[in-house]
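Assemble chain B onto chain A, guided by the hints.
Those sequence lines, one after another, are chains A and B.
If you read the first sequence in the numbering used here, its first letter stands for residue 1, the second for the next number, and so on.
If you read the second sequence in the numbering used here, its first letter stands for residue 1, the second for the next number, and so on.
Don't read these hints as lab results, they were simulated from the structure.
One or more hints might be untrue.
Label-pair distances were calculated between CB atoms; the ranges are [what the hints assert, rightly or not]:
| hint | chain 1 | residue 1 | chain 2 | residue 2 | range |
| --- | --- | --- | --- | --- | --- |
| 1 | A | 236 | B | 22 | 50 to 56 Å |
| 2 | A | 221 | B | 103 | 29 to 35 Å |
| 3 | A | 221 | B | 125 | 28 to 34 Å |
Sample of chain B residues with no beta-carbon within 10 Å of chain A, all distances over it, derived [claimed, not checked]:
| hint | residue |
| --- | --- |
| 4 | 11 |
| 5 | 22 |
| 6 | 49 |
| 7 | 51 |
| 8 | 55 |
| 9 | 67 |
| 10 | 71 |
| 11 | 88 |
| 12 | 99 |
| 13 | 105 |
| 14 | 129 |
What you are looking at is a predicted structure, and each value in this text was computed from that prediction instead of being measured.
Think of the CB as a built atom: it goes at the ideal place given N, C-alpha and C, for glycine as much as any other residue.
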Amino acid sequence: MKDIRIWDGPSRPVSGGEPELTRRSFLRTGAAAVGGMAALAAALSPLRELASDDIPNFDQFLQKHYKEMTVAEMEQALERIRKKVEDRYAVRPHLRDVKPMEGVEFVYALNLSRCIGCRKCVHACVAENNQSRSPEIQYIRVIEMPRGTLDVEKGNHHYDHPTVPDANHFYMPVQCHQCANPPCVKVCPVEATWQEPDGITVIDYDWCIGCRYCEAACPYWARRFNFAKPNLPKDQLNPNMSYLSNRPREKGVMEKCHFCLHRTREGRMPACVEICPTGARKFGNVLDPKSEVSEILKTKRVFVLKEEVGTLPRFFYYFDERYPNTLDPDALAIADRLRAEEGDAYGCLPGASGPRKDFVAASTPEWWNGARA
Amino acid sequence: MADPPHIAIDGAPQNCNGCHQIFRSNSPAGATLNYHQEIRLQHGLNNRCVNCHDSQNRERLTLRDGATVSFAETPQLCAQCHGTVYRDWERGTHGKTLGSWITNSDARRRLSCTECHNPHAPKYEPYKPLPGPNTLRMGEQVACPAHGADEEQSPLLRWLREMDPKQRDHPTTNGGRP
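Okay, chain A solo, but in the shape it has when bound:
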């Protein structure tokens, strides 16, 4: 009678003979092998979904960092990208590597008194910069904020009024602030993102490894990640593109606003400035004292978002002192409500006759009173 083993433990070689192959151990080994093959197939399945143009070719694999490429190597890389774009979108792109201009530092200014929250800038940016349409990637967020506060926690991205602006809100668009002290650049482990001499922080999409540290580091939530293969219809491709800005991206790389550098480094305005129907968006060279942004910094009350984190943004918000004006009954009604609810110590609300004297006296430090006297 054959010995029937109840417990089919770890199979050990039986001394003096071949390991015993029971029906159970055979099935177990077989099941493990099948399971292993299935796991391997599952692990490799993303590879099967890759189209032939997703796989980096030899040239792309050996391509150097942007800053280390010679002119000839850059031209070789540009030609490779041109061919890829042509294969994928059936359009020969006007692709080049635009260098920064001498004596230029770009600065952006946005007039919160004028922004009406129409979101035209958001969609002009998407059309200009070849972002993925599905899943959607947008560089600009327009936040609707209740009047009387600058607390972005109270903001709303998803406002859906039939018409804007809504009388009880103001609108604050946020995009990359092109910081002079950019935390996103500091955290990049492979130096795939850096600040250019004209102040624009750029990304080499061929060098980015997709770790998303920069996305976590940015206090303005300005960086976007391509979780999926970008989906851009052929007829919506903008063929005017440059290496560091709006050439089509791949799955797994970061992207963000770059002040439309393929336009602005050739003297043109960014797409969001050109489209803005109210003139709330201002762009220019801060090193030119006659530029609009220089005039704004000189004559307007500007502020930067999250000043306390020390990023030194090149993106300034400002208000017109005159608006909302005292002839606007809506604005006066809101001012009255705010004054009743929270007081108007500084006298900034429309219709106010000036700062409350007692408030100034009580809250001003002694040294300041001395300095004024």
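Using the frame of chain A, we list chain B on its own:
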């Protein structure tokens, strides 16, 4: 703005004085108009035609001191009341600039007052906003009624699930338990 404005009556090009040499109507405030019925005058306290239009020569605009300016020089007219805005416009901190950010570029063009504002009703019309974000991190913030109250709120996870054919018809969030 063209100077003087191009107008056509029954398809025939006309100029302002073609009619106004004959009809020397002097600002019939609020009176029934036979022409210019399309004009909706909502300019605050400024509610008389000849406050801005010259009563003698309708192809010119009139300043408060009696001088006249052409239609191309509208900012000088507006500046009489809107001084602070005019100051901002001269500096470039109000208004819209097209073409180039380079201050001495030929491609640069500053829009004048009436290219953005309707002079008869200068307040901006309300706009219909373009659609809001439906990005992976900022998708629609609504719970799907079919998936119950505990439905995954992350648009990213929701999008990934929609992309996955295996889970597309199996929208459970409880790990497959019955």
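Results of checking the hints against the structure:
1. A:236 - B:22: 50 to 56 Å: Holds, at about 55 Å.
2. A:221 - B:103: 29 to 35 Å: holds, 33 Å
3. A:221 - B:125: 28 to 34 Å: About 32 Å separates the Cβ atoms of residue 221 of chain A and residue 125 of chain B, which means 28 to 34 Å holds.
4. 11: Fine: 31 Å to the nearest Cβ keeps residue 11 of chain B off the interface.
5. 22: The claim stands: residue 22 of chain B keeps its Cβ more than 10 Å from every Cβ of chain A (closest is about 38 Å).
6. 49: holds, 21 Å
7. 51: At about 17 Å from chain A, residue 51 of chain B clears the 10 Å cut-off, so the statement holds.
8. 55: Holds: least Cβ distance 27 Å, greater than 10 Å.
9. 67: holds, 27 Å
10. 71: holds, 21 Å
11. 88: At roughly 7 Å from the nearest Cβ of chain A, residue 88 of chain B sits no farther out than 10 Å, so the non-interface label is violated.
12. 99: Violated, because the least Cβ-Cβ distance between residue 99 of chain B and chain A comes to about 7 Å, which does not exceed 10 Å.
13. 105: Check fails; 6 Å does not lie beyond 10 Å.
14. 129: violated, 5 Å
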